[in-house]
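2 protein chains.
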Amino acid sequence: MAGKKVLIVYAHQSSGSFNAAAKDAAKEALTTQGCTVEVSDLYAMKFKATATAEDITGDVQNADHFRYAEETKLAWEAGKLSDDITEEQRKLTQADLVIFQFPMYWFSLPAIMKGWIDRVLTLGYAFSQEKRYSQGVFNDKKALLSFTTGSQESMFSANGINGDMNVTLWPLQNGILHYCGFQVLSPQIFWAPSHVPSEVRSTMLKGWRTRLQGILGEEPLAFTSLDCFDREKGFQLKPEFHEKHAAKEFGPTVGTHLGKPLPPHNQMRAGS
Amino acid sequence: MAGKKVLIVYAHQSSGSFNAAAKDAAKEALTTQGCTVEVSDLYAMKFKATATAEDITGDVQNADHFRYAEETKLAWEAGKLSDDITEEQRKLTQADLVIFQFPMYWFSLPAIMKGWIDRVLTLGYAFSQEKRYSQGVFNDKKALLSFTTGSQESMFSANGINGDMNVTLWPLQNGILHYCGFQVLSPQIFWAPSHVPSEVRSTMLKGWRTRLQGILGEEPLAFTSLDCFDREKGFQLKPEFHEKHAAKEFGPTVGTHLGKPLPPHNQMRAGS
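Quick mapping for you: the protein sequence lines, in order, are chains A and B. Position 145 of the first sequence, counted from 1, bears residue number 147 in the working numbering, the numbering being contiguous throughout. Position 118 of the second sequence, counted from 1, bears residue number 120 in the working numbering, the numbering being contiguous throughout.
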């Protein structure tokens with residue numbers, strides 16, 4: 003772990019929150035192991051969440067039909083992205099591990115953190131048509147979501163009212179992290195900390211500190227390699243891989259499930 | 003349709019975009035039918051995306067440990083939410099139908115629209131422990147997601163690399179819309195309009211206009227009623243409903259799938 007660089011992207015309004023404590027625990031545990039830790043404290047930074055033409059210094063290419071992805075790609079190539087984006091990209095480029103620490107809002111990221119995703123993961127910088135998924139730009143980096151929920155764990159099960167947490171995690175872990183190539187580590191989920199006694203919250207933080215001791219050695223979650231999909235046929239799974247799965251009980255992943263039952267824990271645990 | 007009120011929450015930076023054309027088509031088609039249509043043009047309004055203490059006029063209850071949901075609930079009760087939130091809540095309260103028009107960013111809403119969700123759907127106003135899902139606050143209202151993708155449709159299938167669009171829609175349609183009680187209409191998905199000839203884009207818009215003629219008469223997507231879950235057992239499906247599904251091929255919904263194959267089109271088409 004020594005010498006490794008870690009970026010914690012953190013979104014909570016209050017330094018007295020459980021999320022703040024989880025962020026502080028990570029910073030301390032990783033620093034103690036010799037890592038260099040940077041924290042992007044989004045609310046404290048008053049991080050701009052909205053993707054606008056102001057993210058580009060100087061004129062845009064086509065003001066009449068402004069297209070954010072294409073315009074920011076050009077700006078990135080020309081070194082004309084706004085300073086706040088450039089600074090986050092510097093931190094991200096240097097990082098070996100990125101931890102996103104947040105309270106889950108509406109089954110997803112708080113808007114301020116979604117804004118970090120929308121604005122910092124610029125086309126060209128973080129992905130391209132060629133560099134995606136297992137061939138993604140950040141495939142030498144690891145990332146993980148560390149978050150609190152408002153609901154208890156049972157509600158987020160495959161027979162609970164919120165539905166299987168694996169389903170809720172798919173767009174975040176596959177559609178953002180793995181899309182950019184990150185090796186996605188198991189999420190660190192703190193179930194409803196505001197509804198449990200303080201001793202239980204302490205135990206949760208202790209578990210997180212323990213996990214952080216070996217976190218860079220963890221096996222990442224399993225996704226299907228880009229090679230298995232046929233680019234000429236709209237990135238559908240190649241027939242040989244379909245056949246390989248025909249006799250299996252579960253689909254390969256939560257999203258690419260092939261009409262089979264979802265592999266249990268696929269977005270929660272490595273080797274699932 | 004005459005006399006019905008429609009709110010279009012719209013997020014695109016450019017009036018020359020396909021999303022703008024889809025928003026304009028909806029406004030025109032619905033107005034022609036006698037509906038009153040309001041549009042919240044989030045970028046034009048410079049809508050604040052981030053959930054902060056500034057959303058509350060005057061002092062907060064607990065500044066040391068600021069908790070957004072609880073503080074905004076108190077502010078809503080006391081009429082102390084910021085003017086921009088209050089104005090959006092007025093539009094939403096009056097609406098019979100809410101259309102969210104946006105380009106899909108990272109398998110989800112653009113941050114500015116997520117900010118509308120995070121800030122406008124205040125605890126107490128839009129949901130409570132008692133009023134959720136099929137017993138939700140807005141269960142006399144309809145809502146739908148109308149969005150463009152960057153990827154082609156095949157990539158978002160159950161054997162495509164992005165995974166089944168039904169999975170990606172679950173957190174949005176169940177976790178936000180249905181959570182607040184909305185009857186969720188089938189999503190209007192414009193697949194990769196920027197990668198097709200302009201005639202195809204025109205055909206897409208024509209299909210949207212046609213759909214809008216009868217949109218308030220559409221059957222909503224199927225979710226499992228709150229009554230089917232046992233509040234005393236962490237909102238898990240009651241045994242009698244488990245049994246009812248035991249012999250069936252598919253689980254009841256994408257999220258509450260009971261370890262069975264997902265019901266095809268569950269988040270895409272009514273009656274699935």
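The set of hints was computed from the structure by calculation and includes no laboratory data. Please read these numbers as outputs of a predicted model, since none were measured by experiment. A few of these clues could be false.
A pair holds if it fits inside one copy or across any two, identical chains being indistinguishable in the list.
What the hints assert, rightly or not - When the alpha-carbon atoms are kept at most 25 Å apart in a straight line, the in silico PhoX-like pairs for lysine-lysine are as follows:
1. K50 - K246
2. K29 - K246
3. K82 - K48
4. K240 - K262
5. K75 - K48
6. K133 - K29
Check: Which of the stated hints cannot be reconciled with the structure, identified by number in ascending sequence?
Finding: The structure breaks hints 1, 2 and 6; every other hint is satisfied.
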